[in-house]
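Novice: Each chain, written out:
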Amino acid sequence: MGNLYAGVVAFLVRIFLDKITKIFKKGKTSIVAVKDVTLEIPEKTFVGLLGPSGCGKTTTLRIIAGLEKPSSGRVYFNDVDVTDWDASKRNVAMVFQFPALYPTLSVYDNIATPLRASKISEQEIRKQVLEVSEFLGIKDYLSEKASKLDINLRQKVAIAKVMVRDPTVFILDEPLTVVEPKARIELRAKLKEIQLKLGKSMIYVSHDQSEVMTLSDKIAVMNNGEVLQYDTPENLYNKPRNTFVGWFIGSPGMNFIDCELIEESGKVYLTTVEGLRYDISFLPNIHDIASSYRKVIFGIRPEHIALSSRGVKAKCLHMERLGNMMILHMEAYGRKIRAKIPQISQIRVGNEVYIDFNKEKIILFDPKTGKAII
Amino acid sequence: MPTIKLINICKRSNGSLILKNINLEIPNKSLYVVLGPPRSGKSALGRIIAGLDTPDAGRILFDDKDVTDLGPVERNVSMVFQDFALYPHLTAFDNIASPLRKLKLPKEEIRKRVLEVAEYLKISQRLTHYPSELSGGEKQRVAIARALVKGAQIIILDEPFLRLDLKVREDMRAELHRLQKDVGVNVILLSSDPMDAMAFPENIAFMQGGELVQVGNLIELYENPKNISVARYVGMIEMNVIQAKIARKNDKRILDTGIGEITLPITPQLSGSEILVGIRPEHIHIGEEGGHPYAGNIFTFEGRVKISEVIGSETIIHLDVGLAEPIRILIPTIYKKNPGEVLRATFNIKDVYLFNANGQFICRGGSILG
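From first to last, the protein sequence lines stand for chains A and B.
Take the position in the first sequence, starting the count at 1, then add 5; the result is the number in the working numbering.
Take the position in the second sequence, starting the count at 1, then add 2; the result is the number in the working numbering.
Don't read these hints as lab results, they were simulated from the structure.
The structure presented is a predicted model; accordingly, all values stated were derived computationally and were not measured.
Any given hint could turn out to be false.
The calculated label-pair distances, taken between Cβ atoms and stated as ranges, are [unchecked claim]: (1) Asp253/B x Lys49/A: 53 to 59 Å; (2) Pro334/B x Ser35/A: 43 to 49 Å; (3) Arg165/B x Lys144/A: 34 to 40 Å; (4) Gly339/A x Ser126/B: 18 to 24 Å; (5) Ala105/A x Leu92/B: 34 to 40 Å; (6) Leu110/A x Leu54/B: 44 to 50 Å; (7) Val344/B x Ser296/A: 21 to 27 Å; (8) Ser35/A x Asn30/B: 52 to 58 Å; (9) Gly142/A x Glu121/B: 49 to 55 Å; (10) Leu54/B x Lys144/A: 47 to 53 Å; (11) Lys49/A x Lys254/B: 51 to 57 Å; (12) Val183/A x Arg113/B: 38 to 44 Å; (13) Pro334/B x Thr182/A: 22 to 28 Å.
Derived pair list, reagent style BS3-like, types lysine-lysine, alpha-carbon separation capped at 25 Å [unchecked claim]: (14) Lys338/B x Lys202/A; (15) Lys132/A x Lys144/A; (16) Lys338/B x Lys187/A; (17) Lys124/B x Lys320/A; (18) Lys339/B x Lys197/A; (19) Lys195/A x Lys338/B; (20) Lys339/B x Lys187/A; (21) Lys169/B x Lys373/A; (22) Lys338/B x Lys366/A; (23) Lys183/B x Lys114/B; (24) Lys244/A x Lys339/B; (25) Lys339/B x Lys49/A; (26) Lys169/B x Lys320/A; (27) Lys320/A x Lys31/B; (28) Lys124/B x Lys341/A; (29) Lys223/A x Lys339/B; (30) Lys183/B x Lys320/A; (31) Lys341/A x Lys31/B; (32) Lys339/B x Lys366/A.
According to the in silico footprint, chain A covers these stretches of chain B (three or more CB under 8 Å from chain A) [claimed, not checked]: (33) 168-180; (34) 193-205; (35) 214-224; (36) 280-286; (37) 308-315.
Each residue gets a CB set at the ideal place from its N, CA and C atoms; glycine is no exception.
Please model the entire structure based on the sequences and the hints provided.
Specialist: Below you can see the structure in the form of structure tokens.
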């Protein structure tokens, strides 16, 4: 198994990216794909890299795998500098969007191939192949040719193939994008089970927030080559550290309103030139905040807005209905606001309503940096 | 902007009937969703409305004018395809301008109209770029701009959001609302994504196997689905369906679901011994969340978490209860549970949907409770 690289591979691996930057040169222009990323991936952790296309997540993943060399910065596996090691020496298991199999070989031989390379007995190989294929539910297909299988099964075989290798870490690049929706749920559950069972780290890249939010213990949200927040799914949702994360996580994302803070007779109000005036004196440290920031971005998630008999007046523009919930698209003092509220059939487009905000869920951001004010 | 009437439309393709006697009225200035699984006949219907295909039987009326034999240009209809069908060798500007150039309009007029529509669709900054340099959302904006610029009265969008990221979908759905309101065009969406029916809930036609199964607004399809296909399809998350047996116990009729019994105080009109019990994921609650929000006839069951799937701002718990399929439960927040954990869940009998063995809707649980 991993004994060739004792000290790195035989144990659980903690990965550390130290100030990684990657610049691609394209003719005369150079593109900064990854910018000064420092990230620690502890042992036994499921880590997601999430962001819009072109954010640098795949490049970061490829640098961890050893498929790409960083322009600057170092990669450590358990304090061993592996920056100059190639992918095979790092012994990472990789699963890509399109399963890489030997099409003419049987499923059995596809899974057995990496084991045969490590010269263990055919009997032991058989035991391991049967075990992994039982676990992934592909036992009935072992004698089939890989090319005969549908995409869902092929992806399962690709996962089985890397599982038996006893890798240091699993690296998955959009592995479920091409898998059909029903099979996707099942494979997600399997991946989580594999990770818990083997106790290995998995690093998972996707643009699909639900995929990453479902599987990960921690997620690095990336944009423009930078890691904006590295946190648990719950914290990304509840405590976004900047406006991008607030918008990107959740569906629909957070509402933002540019406001001015006004202190008046001991109270602090959020105001806009269009006439919004909302008392936020209840926020902790609000007087300190008001003394350092005149302008703020007020952030609130759609599900933390409720209809109320008082509060902020808004006009209903249109609505989406989500079964027992609805998304009200409103305009309040010239700003668009979305609220996710229980289904109420009396509301009509054009109606005026009053909305109020869940006091504990309000987040203020600095308009200059987009960062949350704590 | 006309009212579109389809009368007895039939269409054959490769020997099989792909549209079976479709009768549908699409009101003027509406945002209309034709919803259905892949290969249900949506695109075939869209192409016939657009005038790209002619029906084998039936007539199409626009404001009572028969347009069955007219082409897309004469009908003033534009169809935007899934892959946007932009000219790869032309810039965004030239793509949008292409229908106007065909009309041989003066250069200044073309420029004015392209800039105006580009401004409206927020792509003014991208006009010198080629399609390969544009994001999915931008490509779609260019395709819609091209349809708008020639003054199309009906815009048909075939699976418009399938290829777009979640966040871009949110923006584009809002754009379609704005567009339809401002310009007053008829927007017809052909979609296999139930979220599109949620986003445009006023007018929905559900198709399956070339047939029009049900027409109505979202609430009608959601509350009173004609059959189990509509019930499963029209909802945020697919409805759970449990096969149950009708049995007799202590002089009462019960439904044996395999995970517990439902007692029926009033016997609905049931024939046979099989019944399908549908319960929507959003109507099931997890015990530790503080119990059920309303009292009544509560059904309780237990299971092991298979996975908790976080979608947007909600979580779907897939709970293994020993039936063929896990039960899906929608929790309205981020709620992560590890696989294997045992959870207790409840739902109110009044929220269930009952279907006969053929999948036809019988009634809601409320009506069997009296």
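Novice: None of the hints should be skipped; say for each whether it holds.
Specialist: Verification of the hints:
1. Asp253/B x Lys49/A: 53 to 59 Å: holds, 57 Å
2. Pro334/B x Ser35/A: 43 to 49 Å: Given about 46 Å between the Cβ atoms, the range holds.
3. Arg165/B x Lys144/A: 34 to 40 Å: Given about 36 Å between the Cβ atoms, the range holds.
4. Gly339/A x Ser126/B: 18 to 24 Å: holds, 22 Å
5. Ala105/A x Leu92/B: 34 to 40 Å: Distance hint for Ala105/A, Leu92/B holds at roughly 37 Å.
6. Leu110/A x Leu54/B: 44 to 50 Å: At roughly 45 Å between Cβ atoms, Leu54/B and Leu110/A fall inside 44 to 50 Å, so the hint holds.
7. Val344/B x Ser296/A: 21 to 27 Å: violated, 51 Å
8. Ser35/A x Asn30/B: 52 to 58 Å: Taking Cβ atoms as reference, Ser35/A and Asn30/B lie about 54 Å apart, which means the hint holds.
9. Gly142/A x Glu121/B: 49 to 55 Å: holds, 54 Å
10. Leu54/B x Lys144/A: 47 to 53 Å: holds, 48 Å
11. Lys49/A x Lys254/B: 51 to 57 Å: holds, 52 Å
12. Val183/A x Arg113/B: 38 to 44 Å: holds, 42 Å
13. Pro334/B x Thr182/A: 22 to 28 Å: holds, 27 Å
14. Lys338/B x Lys202/A: Within the cut-off at roughly 18 Å; holds.
15. Lys132/A x Lys144/A: holds, 12 Å
16. Lys338/B x Lys187/A: holds, 20 Å
17. Lys124/B x Lys320/A: holds, 24 Å
18. Lys339/B x Lys197/A: Satisfied, since the Cα-Cα distance of roughly 12 Å is no more than 25 Å.
19. Lys195/A x Lys338/B: holds, 16 Å
20. Lys339/B x Lys187/A: Holds, at about 20 Å.
21. Lys169/B x Lys373/A: holds, 24 Å
22. Lys338/B x Lys366/A: holds, 19 Å
23. Lys183/B x Lys114/B: Satisfied, since the Cα-Cα distance of roughly 22 Å is no more than 25 Å.
24. Lys244/A x Lys339/B: holds, 20 Å
25. Lys339/B x Lys49/A: holds, 17 Å
26. Lys169/B x Lys320/A: OK: Lys169/B and Lys320/A at ~24 Å, within 25 Å.
27. Lys320/A x Lys31/B: holds, 22 Å
28. Lys124/B x Lys341/A: At roughly 16 Å apart (the allowed maximum being 25 Å), Lys341/A and Lys124/B satisfy the hint.
29. Lys223/A x Lys339/B: holds, 15 Å
30. Lys183/B x Lys320/A: Within the cut-off at roughly 15 Å; holds.
31. Lys341/A x Lys31/B: Cα-Cα ~23 Å, so holds.
32. Lys339/B x Lys366/A: With Cα atoms ~23 Å apart, Lys339/B and Lys366/A stay inside 25 Å; holds.
33. 168-180: The restraint on the region 168-180 of chain B holds, since 6 of its residues have a Cβ under 8 Å from chain A and three suffice.
34. 193-205: That given contact holds, which follows from 4 residues of the region 193-205 of chain B lying within Cβ reach (below 8 Å) of chain A.
35. 214-224: holds (count 3)
36. 280-286: holds (count 3)
37. 308-315: holds (count 8)
In the structure shown, a violation is registered for the earlier hint numbered 7 alone.
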